[in-house]
Amino acid sequence: MTSSQFRDWIVRFADEMATHRTELTQLDTAIGDGDHGTNMDRGMRKAVERLETLENGDIGASLKAVGMALVSSVGGAAGPLYGTLFMQMGSATAGKSELDVAGFADALDAGLQGVRARGKAEPGDKTMVDALTPALEALRNGGDLAAAADAAEQGMKATIPLVARKGRASYLGPRSEGHQDPGATSTYLLLRSAAEALGPQQSNER
Amino acid sequence: MKKLINGPDDVVREALEGVEMAHGDRVRVHYDPYYVVRADAPVQGKVGIVSGGGSGHEPMHGGFVGPGMLDAACPGEVFTSPTPDQMLEATKAVNGGAGVLHIVKNYTGDVMNFDMAADLGKGEGIEVEAVVTNDDVAVEDSLYTAGRRGVGITVIAEKICGAAAEAGQPLAEVADICRRVNDQGRSMGMALTPCITPGSGSPSFELGDDEMEIGIGIHGEPGRFREPLGPASQVVERLASAVVEDLPYQSGDQVLAFVNGMGGTPLIELYIVYRELHRFLDGRGITIARNLIGNYITSLEMAGCSITLLKLDDELVRLWDAPVNTPALRWGA
Numbered sequence: 001m002t003s004s005q006f007r008d009w010i011v012r013f014a015d016e017m018a019t020h021r022t023e024l025t026q027l028d029t030a031i032g033d034g035d036h037g038t039n040m041d042r043g044m045r046k047a048v049e050r051l052e053t054l055e056n057g058d059i060g061a062s063l064k065a066v067g068m069a070l071v072s073s074v075g076g077a078a079g080p081l082y083g084t085l086f087m088q089m090g091s092a093t094a095g096k097s098e099l100d101v102a103g104f105a106d107a108l109d110a111g112l113q114g115v116r117a118r119g120k121a122e123p124g125d126k127t128m129v130d131a132l133t134p135a136l137e138a139l140r141n142g143g144d145l146a147a148a149a150d151a152a153e154q155g156m157k158a159t160i161p162l163v164a165r166k167g168r169a170s171y172l173g174p175r176s177e178g179h180q181d182p183g184a185t186s187t188y189l190l191l192r193s194a195a196e197a198l199g200p201q202q203s204n205e206r
Numbered sequence: 207m208k209k210l211i212n213g214p215d216d217v218v219r220e221a222l223e224g225v226e227m228a229h230g231d232r233v234r235v236h237y238d239p240y241y242v243v244r245a246d247a248p249v250q251g252k253v254g255i256v257s258g259g260g261s262g263h264e265p266m267h268g269g270f271v272g273p274g275m276l277d278a279a280c281p282g283e284v285f286t287s288p289t290p291d292q293m294l295e296a297t298k299a300v301n302g303g304a305g306v307l308h309i310v311k312n313y314t315g316d317v318m319n320f321d322m323a324a325d326l327g328k329g330e331g332i333e334v335e336a337v338v339t340n341d342d343v344a345v346e347d348s349l350y351t352a353g354r355r356g357v358g359i360t361v362i363a364e365k366i367c368g369a370a371a372e373a374g375q376p377l378a379e380v381a382d383i384c385r386r387v388n389d390q391g392r393s394m395g396m397a398l399t400p401c402i403t404p405g406s407g408s409p410s411f412e413l414g415d416d417e418m419e420i421g422i423g424i425h426g427e428p429g430r431f432r433e434p435l436g437p438a439s440q441v442v443e444r445l446a447s448a449v450v451e452d453l454p455y456q457s458g459d460q461v462l463a464f465v466n467g468m469g470g471t472p473l474i475e476l477y478i479v480y481r482e483l484h485r486f487l488d489g490r491g492i493t494i495a496r497n498l499i500g501n502y503i504t505s506l507e508m509a510g511c512s513i514t515l516l517k518l519d520d521e522l523v524r525l526w527d528a529p530v531n532t533p534a535l536r537w538g539a
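Respectively, the protein sequence lines represent chains L and E. Going by this note's numbering, the first residue of the first sequence is number 1, and it counts up by one from there. Going by this note's numbering, the first residue of the second sequence is number 207, and it counts up by one from there.
Wrong hints could be hidden among the right ones.
[Stated by the list, open to error] Here are the simulated DSBU-like pairs of lysine-lysine, each with C-alpha atoms no more than 35 Å apart in a straight line:
no., chain 1, residue 1, chain 2, residue 2
1, L, 120, L, 96
2, E, 328, L, 96
3, L, 120, E, 328
4, L, 157, L, 46
Rather than coming from a laboratory, the hints here were simulated on the basis of the structure.
Turn these sequences into a full structure, and let the hints steer you where they fit.
This is the structure:
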């Protein structure tokens, strides 16, 4: 995985946020405050703009810049959480111009730890942690990025029957059952974009 | 959706420009990033007080910037927490060398963004303390939720802490007073209608013409339960008994009673609510020593109200009565 591929990942994720903006907002309207798609779309546009002003080559610097852009433009809960995810991944990959799957797993692990520390969420609380955790497990068990994206998708779907215990959805209690978590959904899209941009089929193209 | 706006993406900026044009004698507005700050900030030697939150709750918080209350307020997008860089810039702008207090409503986004801002502020050598308000008794199960929300008591805390800071009290004392106000305050709200954010254009929840939602938050989120529409006396009975029994407020207590409109309810109805609350508290031997009635922490055009009680002591009464000079709250100045 080269630094160019990491940039491609960010651009693809930004495209996904624009494409799924309405869907994410609808999911958030059901159990939150109806702004997840709008906020992530706004934030990822800023992140891509920020990357365009940055010299390519250092994966860590790029991921940190994405994190900073998200923290300063998204607001809500998603800003600090996605911002922390990218900033921690950036710290774990500082100075690196290439990464293998194990290195990506280490970075994702650092990101997940950061998200859990910032949001105090445990697996099963109906949050983005429920998509990140199985994705990391898939990588640790020798899976590739496609397997990680599949695991994130399973984790996302598994949030449907859960009762939310964090964030604004938690105030609904049992009324949050039967709804897919918007944060887990955007996280699945993040890992799907990663599989597309960083997966083995792309490695010879760039 | 009918709204008096030019475009949904321009709502926050254009409202801030209006605030600056109207109240430029008392406040300045910064646009990149957004924050409203006292015209005379930083006041040397005085603790700075910063609050913030999503827009759509006007006059909170920007309307409470001025002598005797907030030094700065950070507005986010509608119903979206502001970002740490806004809070950091506001913190730097009001730091007069005596430290800065962040008053944060307990909402997941607000708490996380202010956490990051406090870290950044400390990194720049500014003494920062944060107090999180969580007075909403409608949230019954704090263990399995994000905890009780910060609502009406936030307005009261901003006024009282502002007075303490203005009087020259140090950061630790101002923060202690803030915690005491939060500890002795309880609130609960209700809605007759949902609200519509300019961005989404559709109601935040569905509520029948003959229904009301009890225990709402301030972002159009549904509440504890819904029931058939009842008279004001029944609404107050529901809200006030939950509030009174939670602390609990007892016979002989002196309280500040705050009847707040959610934005779409006329004052004539809020005064009927106050009448019912007065009678309810009288019946329990609780005396209203101070009151505040009006639209102060709103939820866009939502119709409904919230009730906040604060158990008073001599110090809190003195701080409440001290002069305040902000666009939305002004007396003695």
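Do the hints match the structure? See the list:
no.	hint	verdict
1	L:120 with L:96	29 Å, holds
2	E:328 with L:96	30 Å, holds
3	L:120 with E:328	22 Å, holds
4	L:157 with L:46	29 Å, holds
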